[in-house]
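Same order as they appear, the protein sequences are chains A and B. Read in order, the letters of the first sequence are residues 0 to 82 in numbering that gives the first Met the number 0. Read in order, the letters of the second sequence are residues 0 to 206 in numbering that gives the first Met the number 0.
These are computed hints drawn from the structure, not numbers from a lab. You may find that some hints are simply not true.
Distance windows between CB atoms, simulated [unchecked claim]:
(1) A/Gln-26 with B/Glu-125: 17 to 25 angstroms
(2) B/Asn-123 with A/Pro-36: 19 to 27 angstroms
(3) B/Arg-19 with A/Lys-53: 46 to 54 angstroms
If you want the footprint, here are the derived chain A segments under chain B, 3+ residues with CB under 8 angstroms [as the list claims (entries may be wrong)]:
(4) 29–42
(5) 53–61
Short derived list, chain A residues pointing at chain B, Cβ under 7 angstroms [unchecked claim]:
(6) Leu-2
(7) Leu-3
(8) Thr-4
(9) Leu-24
(10) Gln-26
(11) Arg-46
(12) Gln-50
(13) Val-64
(14) Ala-71
(15) Lys-75
Everything numeric in this text was worked out from a predicted model, so none of it was measured. We put the CB at the ideal spot given by N, CA and C, even for glycine.
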Amino acid sequence: MSLLTCKDFLNELNEYLDETADPGLRQELEQHVNECPNCWVVVDTTRKTLQIFKSTEPEDLPPDVERRLMEALQRKMAGQPSR
Amino acid sequence: MASTNATGVFDESSLVAQARAGDPRAFTELVRRYEKRIFRLAKHITQNEEDAEDVLQETFLKAYSHLDEFQGQSKFYTWIVRIAVNESLMKLRKRKSDKMVSMDETIDTGEETVVREIAVWDGNPEQRYSREELRQILEKAVDSLRPAFRAVFVLRDVEELSTEETADLLNLSVPAVKSRLLRARLQLREKLTRLFKRKGDDVFAYM
């Protein structure tokens, strides 16, 4: 039986997800998540939350924002060589 | 000519080397590569489109002026993220009279981490929603976080900076970054689970 409560587990959730827990703690966390369906769901859905954020590409710049950026850059590069 | 990788795209360090040697096309290529991410980052931190545009321009203009100072120990992208975060925080400070909460606000440590929705997701949201819909859902979720949580989440989990880099940039302690990241992740999980959960497979289903 795992000695960790769900609250203990949640406090260490990032250590578990990021795999930064030391081996002893890691083992306890593994054991808890294997025995506790609720925490398993929390791990699974948090992992998916992070994945979806990481995999979503930023949208294109609005055309006028892009144009003003390029104009500012060109002025800079024309006026002041980097060397 | 700089070397290209297997896909024929210039790698970052070759472009940086060319830009440092004074090739404006190489620098422009670097800008095009990262402009969207820098704009998104600036919008997340400043919560203001106009400020984000200023940050975007200032970041790349500063990077160009200070290209000599880029040491090459970190990735070029990490270097410009640092510039962008500093510029964004300056904007935020200027607007501090607004409802903005500062980055170093004291957060009640007694506050429990929220886990109410315990339900599995219904398949893959990336298949159920269009890219645009999904992007809006995620933006809205991040924007609903407190500024102090939002910046930590964006730097750690979207921009993938280390805990130490994030702490350093936001002038926070490492434990503060860790505890904010945990709450930010759990709050986002909560919000997304409310939208993405399998119907009928609700709270306490396992209890």
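Checked hints:
In this structure the hint that A/Gln-26 and B/Glu-125 lie 17 to 25 angstroms apart at CB is violated, the actual value being about 33 angstroms. Between B/Asn-123 and A/Pro-36 the CB atoms are about 21 angstroms apart, so this pair conforms to the stated range of 19 to 27 angstroms. A beta carbon spacing of about 30 angstroms between B/Arg-19 and A/Lys-53 contradicts the range 46 to 54 angstroms that was offered as a hint. Residues of the region 29–42 of chain A lying with their CB closer than 8 angstroms to a CB of chain B number 4, which satisfies the three-residue condition for coverage.
For the region 53–61 of chain A, the proposed coverage by chain B is satisfied: 8 residues have a C-beta within less than 8 angstroms of a C-beta in that chain, meeting the threshold of three. A hinted interface residue such as A/Leu-2 counts as satisfied when its beta carbon comes closer than 7 angstroms to some beta carbon of chain B; here the least separation is about 20 angstroms, so the hint is violated. Taken as an interface hint, A/Leu-3 does not check out: its beta carbon lies about 15 angstroms from the nearest beta carbon of chain B, beyond 7 angstroms. A least Cβ separation of about 13 angstroms between A/Thr-4 and chain B goes past the 7 angstroms threshold, and the interface hint is therefore violated.
With 7 angstroms as the threshold, the beta carbon of A/Leu-24 stays out of range of chain B, its nearest partner Cβ sitting at about 14 angstroms, so the hint is violated. Taking 7 angstroms as the C-beta contact cut-off toward chain B, the hint placing A/Gln-26 at the interface is violated, the least distance being around 21 angstroms. Residue-level restraint check for A/Arg-46 is violated (minimum Cβ-Cβ distance to chain B is 9 angstroms; threshold 7 angstroms). Checking A/Gln-50 against chain B: minimum C-beta separation of about 9 angstroms lies over 7 angstroms; hint violated.
With 7 angstroms as the threshold, the beta carbon of A/Val-64 comes within range of chain B, its nearest partner Cβ sitting at about 5 angstroms, so the hint holds. The interface hint given for A/Ala-71 holds, since its Cβ lies 5 angstroms from the closest Cβ of chain B, which is under the 7 angstroms cut-off. With a least beta-carbon distance of about 5 angstroms to chain B, the hint placing A/Lys-75 at the interface is held under the 7 angstroms criterion.
The structure fails to meet hints 1, 3, 6, 7, 8, 9, 10, 11 and 12 from the earlier list, while all remaining hints are met.
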